[in-house]
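Asker: Taken in order, these protein sequences are the chains called A and B. Just so we're aligned: 92 in the numbering used here is position 92 of the first sequence, and the numbers increase by one with no gaps anywhere. Just so we're aligned: 471 in the numbering used here is position 217 of the second sequence, and the numbers increase by one with no gaps anywhere.
Please note: incorrect hints may appear among the correct ones.
[Said to hold, decoys possible] Simulated restraints on C-beta separations:
#  : chain 1 : residue 1 : chain 2 : residue 2 : range
1  : B       : A439      : A       : G101      : 47 to 53 Å
2  : A       : D108      : B       : G431      : 36 to 42 Å
3  : A       : R184      : B       : R432      : 45 to 51 Å
4  : A       : A217      : B       : A359      : 32 to 38 Å
5  : A       : D108      : B       : G282      : 35 to 41 Å
6  : A       : G101      : B       : G297      : 42 to 48 Å
7  : A       : E149      : B       : P400      : 22 to 28 Å
8  : B       : G327      : A       : W145      : 53 to 59 Å
9  : A       : E149      : B       : W428      : 31 to 37 Å
10 : B       : P291      : A       : E58       : 28 to 34 Å
[What the hints assert, rightly or not] Derived, one-sided and incomplete: chain A residues facing chain B with beta-carbon distance under 7 Å:
#  : residue
11 : A122
12 : A154
13 : V236
14 : D237
[Said to hold, decoys possible] Computed footprint of chain A on chain B, listed as stretches where at least three residues anywhere in the stretch have a Cβ under 8 Å from a Cβ of chain A:
#  : stretch
15 : 410 to 416
16 : 430 to 443
Everything labelled a hint here was simulated from the structure, so no lab data went into it. Virtual Cβ for every residue (Gly too), placed ideally from N, Cα, C.
Protein chains: 2
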Amino acid sequence: MSGRLAVVGLGPGAAAWRTPEAVERLAGASDLVGYGPYLAMVGEEDSSAVRHEFDNREEARRAELALDLAAAGRDVVVVSSGDPGVFAMATAVVEALDAGGDRYAGVDLTIVPGITAASAAAARIGAPLGHDFCCISLSDVLKPWPVVERRLEAVACADLVVALYNPISRHRPWQLGRALEILRAQRAPDTPVVLGRDVGRDGESTRVVTLGTVADAEVDMRTVVIVGSTTTRAFVDGRGRTWAYTPRTYPAAD
Amino acid sequence: MSGRLAVVGLGPGAAAWRTPEAVERLAGASDLVGYGPYLAMVGEEDSSAVRHEFDNREEARRAELALDLAAAGRDVVVVSSGDPGVFAMATAVVEALDAGGDRYAGVDLTIVPGITAASAAAARIGAPLGHDFCCISLSDVLKPWPVVERRLEAVACADLVVALYNPISRHRPWQLGRALEILRAQRAPDTPVVLGRDVGRDGESTRVVTLGTVADAEVDMRTVVIVGSTTTRAFVDGRGRTWAYTPRTYPAAD
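Could you put the whole structure together from the sequences, leaning on the hints where they help?
Answerer: This is the structure we're talking about:
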C-alpha cells in the first residue's frame with residue numbers, strides 16, 4: 001500500500017489567506033489529523049474526511065498516526081495553523097519519518113507552507129519585519145529555559161527585531177516577563193511592540209504598545225509579540241491609523 | 255479623491271501558493287507597480303491593470319508613485335514576491351507613507367501577506383525552521399557591513415538557524431563567503447545547509463549541502479540559504495528522498 005500525507009498550513013485562519021494547495025489537499029483527503037481548534041477551522045464544506053482530533057501536547061502521537069494512516073494507503077492531511085514549518089507540525093512529522101525508517105517507505109510526504117502568525121500580524125500593522133529579525137518560541141517544554149535566555153540576550157545585543165511565539169500560557173506564566181526584562185536591558189522604553197492576537201480570525205486585534213509599558217496581562221497564548229529593534233518606528237497616518245515599521249536603512253555607527 | 259493601495263505578496267511564484275486576497279486585489283486593480291520580473295509573474299488573465307515597471311533598486315520611487323496614484327483615486331497594487339513584509343516592498347511603502355504626512359491621508363493602505371522564500375524552501379526539504387531561527391539579509395546596500403557581521407556572530411553563538419536573504423549578487427560578490435566563515439567558526443562542517451533556488455517557479459531546486467563544503471558558486475541572488483543550527487539533521491527516507499529538520503527538542507547543557 002502507498003498513501004500520501006500532507007502537513008498543511010491553514011495560514012492564520014481567514015479563508016482569504018489559505019492557499020489553493022492547502023484547499024486542494026483538504027478537499028481530497030480521506031483523513032484529517034490535528035489539534036481540535038485547528039480542525040475546527042476546516043469547515044465540513046472544505047473537507048468531508050474522517051477527523052482524528054488530538055490534544056495540543058500530543059504532537060508526536062499525531063505525527064505517528066498520520067504516517068501510519070498514510071502507510072496504510074490513506075490520503076492524510078495533518079492540519080496546522082499558520083506555517084507548519086514554524087513551531088508547528090512539520091517538524092514532528094519529519095522527526096517521526098526519520099525515526100520510522102523503512103516503515104514509512106510507502107508514504108509520499110508533502111509540506112504545504114502557509115502564512116505564519118508573525119507575517120500576518122506584521123501585515124496588519126505595517127512592516128515591523130522589514131529588516132533583519134528572528135522568531136523565538138518562549139516555550140520551555142522541550143528546550144531548557146537558559147537556552148532561551150541566552151538567545152534573547154544575543155539577539156537583543158545584535159539589534160534584531162524579535163518575534164516571540166508561544167509567549168505565555170497557564171503553565172508558563174513568568175517566561176514572557178523575564179524575556180521582556182532581557183530586551184528592556186538593551187532597548188529604550190519607547191521601542192514599539194506589536195501585539196497581534198487572533199490575526200485573521202474573528203475578533204482579531206493588532207496594536208502597538210511600547211516595551212516600557214507592555215504588561216504580561218495584555219498577552220495570551222493566541223498572541224504573537226513582535227518587539228522592535230532600536231530603529232523600529234511607529235506613527236499615526238493622516239487617517240488616524242497607527243503603523244509600525246523597521247526602516248530599510250540602518251545607520252552607520254558614529 | 256480617495257483611492258486604495260495594496261502591497262501584495264505573490265508568494266514564491268506558484269499559483270498554488272498565491273492567496274485568494276492577493277488574487278482578488280490583482281483582479282480589481284487599476285494600476286500595478288513593481289519590479290519587472292515580479293510584474294511578469296502576474297498574467298494578463300490575472301489582471302488587466304496598467305503596469306508601471308521599475309528597476310530593482312528603485313524601491314522608494316516605486317512606493318511614492320504607488321501612493322501618488324492611490325491618492326489620485328486609483329486602485330493600486332504594488333507587486334512583491336514572497337511576503338512583502340520580509341525584505342520587500344511593504345517597508346518602502348510604509349516609509350513613504352510616514353514621510354508623506356497628510357499628502358496621503360486619502361489612501362486606504364493594506365498589506366497583503368504572502369509566503370516568504372525561507373518558508374517555501376523549508377517546506378520543500380522538511381522543517382529546518384522548526385525551532386528558533388532568524389532571517390538576515392546579506393545586502394549591505396542600506397546597512398553597514400559591520401552590522402551584518404555582528405549579527406551573524408551573535409546568532410551563530412546563540413545557535414539559531416539562519417536564513418540568509420539576498421545572499422550574493424554581481425555587486426556583492428564576497429559577502430556570502432565572509433558570512434559562511436563566521437558561521438563555520440561556531441558550527442561543525444557537517445551542519446546541513448539548505449539551498450532553495452527559484453522555489454515555486456519553473457526549474458526550482460532545493461537541496462541539502464553541508465557548511466563545510468558549500469561554495470559561493472552554488473548560490474545566486476535567486477537562492478535562499480538556510481544554515482542549520484547544531485541540532486539540525488539531514489537524512490534520506492525509505493524512498494531515497496533527502497530531508498532536513500531542526501528537532502523540537504533542544505538538549506540541556508551537560
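Asker: What hints, given by number in increasing order, does this structure fail?
Answerer: 1, 3, 10, 13, 16
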